[in-house]
Amino acid sequence: MSNTEQSVGIVTAQSADFSTPLELACGVALSPYCLKYETYGELNAAKSNAVLICHALSGHHHVAGRYADDDKSAGWWDNMIGPGKPIDTRYFFVVGVNNLGGCHGSSGPASLNPATGQPWGSTFPLMTVPDWVCAQARLADRLGIDRWAAVIGGSLGGMQALQWSIDFPERVAHALVIASAPKLSAQNIAFNDVARQAILSDPEFHGGDFYAHGVVPRRGLRLARMLGHITYLSDDGMGEKFGRMLRSGEFKFGYDVEFEIESYLRYQGDKFSDMFDANTYLLMTKALDYFDPAKSYDDDLVAALRRSRSRYLVASFTSDWRFSPLRSRELVRALVAADRPVSYGEIESTHGHDAFLMLDPPYVRLMRSYLAGVAAEVRA
Amino acid sequence: MNTTLRADLRLIADWVRPGARVLDLGCGDGALLAWLQQHRQTRGYGVEIDVENVARCVEAGVSAIQGDLETGLSDFADGSFDLVILSQTIQAMHHTEEILLEMLRVGREAIVTFPNFGYWQNRWQIFRGRMPVSETIPYQWYDTPNIHWCMLGDFEALCAKNGIRLLERVVMDGERRVGFLPNLFGSLAFYRVGR
Numbered sequence: 001m002s003n004t005e006q007s008v009g010i011v012t013a014q015s016a017d018f019s020t021p022l023e024l025a026c027g028v029a030l031s032p033y034c035l036k037y038e039t040y041g042e043l044n045a046a047k048s049n050a051v052l053i054c055h056a057l058s059g060h061h062h063v064a065g066r067y068a069d070d071d072k073s074a075g076w077w078d079n080m081i082g083p084g085k086p087i088d089t090r091y092f093f094v095v096g097v098n099n100l101g102g103c104h105g106s107s108g109p110a111s112l113n114p115a116t117g118q119p120w121g122s123t124f125p126l127m128t129v130p131d132w133v134c135a136q137a138r139l140a141d142r143l144g145i146d147r148w149a150a151v152i153g154g155s156l157g158g159m160q161a162l163q164w165s166i167d168f169p170e171r172v173a174h175a176l177v178i179a180s181a182p183k184l185s186a187q188n189i190a191f192n193d194v195a196r197q198a199i200l201s202d203p204e205f206h207g208g209d210f211y212a213h214g215v216v217p218r219r220g221l222r223l224a225r226m227l228g229h230i231t232y233l234s235d236d237g238m239g240e241k242f243g244r245m246l247r248s249g250e251f252k253f254g255y256d257v258e259f260e261i262e263s264y265l266r267y268q269g270d271k272f273s274d275m276f277d278a279n280t281y282l283l284m285t286k287a288l289d290y291f292d293p294a295k296s297y298d299d300d301l302v303a304a305l306r307r308s309r310s311r312y313l314v315a316s317f318t319s320d321w322r323f324s325p326l327r328s329r330e331l332v333r334a335l336v337a338a339d340r341p342v343s344y345g346e347i348e349s350t351h352g353h354d355a356f357l358m359l360d361p362p363y364v365r366l367m368r369s370y371l372a373g374v375a376a377e378v379r380a
Numbered sequence: 001m002n003t004t005l006r007a008d009l010r011l012i013a014d015w016v017r018p019g020a021r022v023l024d025l026g027c028g029d030g031a032l033l034a035w036l037q038q039h040r041q042t043r044g045y046g047v048e049i050d051v052e053n054v055a056r057c058v059e060a061g062v063s064a065i066q067g068d069l070e071t072g073l074s075d076f077a078d079g080s081f082d083l084v085i086l087s088q089t090i091q092a093m094h095h096t097e098e099i100l101l102e103m104l105r106v107g108r109e110a111i112v113t114f115p116n117f118g119y120w121q122n123r124w125q126i127f128r129g130r131m132p133v134s135e136t137i138p139y140q141w142y143d144t145p146n147i148h149w150c151m152l153g154d155f156e157a158l159c160a161k162n163g164i165r166l167l168e169r170v171v172m173d174g175e176r177r178v179g180f181l182p183n184l185f186g187s188l189a190f191y192r193v194g195r
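Those sequence lines, one after another, are chains A and B.
Quick note: the first sequence uses the UniProt record's numbering, first residue 1, plus one each step.
Quick note: the second sequence uses the UniProt record's numbering, first residue 1, plus one each step.
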């Protein structure tokens, strides 16, 4: 059998509309709502080979492949998903979904509230990871998937994979929790709040209802992304890539871009603020902050995980300080105490938090090995 | 699943009760745990410092946790395993006494195996003026990971000092069990110990 890596090719996004109200943690019953999703590979006759990919803060349902031959960029995890890749679409039916509150086609602050015909804006309810998992479960029902062969995610996506295994123990065979944490630390919440303050204090935010004013709080979103980006890279990684390099080779004694790192961050911020919704950014960071699956179990993570029937792969990256290996070890320790099968890899990498999207060879090796086992179970 | 197991691992496996919860420290490619899971229906984990070995364990269907034994076993709760195994590794550890105590904190029993420095071939090489190099000690003095050599009596004295009971001892020379003068004729020592 060939192990040449291939693309999933040209893909098309699909929509699923739901009219049964979704009871959210904040007390709101959301209805109707729409979930945008994509699938790659074939669902087998037993419907046992489905894999759910959960996205992180800025992700979406377009996980792999391209929309057209001349499409410049592929899905955000295209390097991990496809024929011959670790999440091998020759064996798995892969589902990517844009979470509620997102800005890529699923119901969110920028989409129209059917009750008013206006953008939801500030009235779109805040979401939690368990809310997303419930919505994803309804999509699974719609697709005829009783049990995922695996639920996989990095960062905020890893939190969803973990929550799935606690909330729907019988529906998750394997949970792959990468560069994630069982809950955020105070420092991590603090970073999120500075990002939010950047958006909230932008005069063009208009309390979240900027759509009606025909403006976008671009400066706030740009700052939020720049800050976030710093925390996703490692000191070493940034040093290797940019060091103290100057664009023009000498100091200009002004506040324009001088250092290459400034140029890079501003470029990233600009690019992001052109394509992402400020309200979605706020909502996603709050979902991160709220995530704490142990809370409903008297703050006992082990008790929460005792419900699980899943097997786990947990992975972290040595230079990731936003979701450090220590936080993954916390999860591993709780899984061991709960008697759940778990394998754990602490991957050498200079890529910081972003490493979960990169291809450090030991990471790819571990993912490939683990998922080959999952594929073998599915085919057995 | 491959049902053949290296002779020394086979001997360890004979000491494992069916259904036991086992922790294998320095589990390598997971061969022992894979065999135990299949033939003794055990549960548990391997601990490995090398991520490549974690991946090989995963391929063998074994749960493996990447970690450094020198930092102790803080990921594991008191008395959470029936058996903790440390196979041919104790002589390479800095924290020799600590790992022994940690093994019997998290496990009810422990199995420790190590190359016997008192083996006659080692003694002979020393007598001839060189540090021993052999099948069980396949390193030159300048690149060996082995830093804490001991003989049977040394290990037993360390156990006695810490109130650790010797439950069972087997000494091997290759595939052969050694009964007569084991500290002279045995190249590999196997101990099952407990509190």
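Derived from the structure by calculation, the hints contain no laboratory data.
It is possible that part of the hints are untrue.
Counterexamples of contact, computed for chain B against chain A with all Cβ distances above 12 Å [unchecked claim]:
{"no.": "1", "residue": "11"}
{"no.": "2", "residue": "17"}
{"no.": "3", "residue": "44"}
{"no.": "4", "residue": "81"}
{"no.": "5", "residue": "134"}
{"no.": "6", "residue": "145"}
Covered stretches of chain B, going by a simulated chain A footprint (3 or more residues, C-beta under 8 Å) [as the list claims (entries may be wrong)]:
{"no.": "7", "region": "45 to 59"}
{"no.": "8", "region": "138 to 144"}
Here a beta-carbon is modelled for each residue, glycine too, at the ideal position from N, C-alpha and C.
* Violated constraints from the hint list, given by number and in increasing order -> When the structure is compared with the hints, numbers 3, 4, 8 turn out to be violated.
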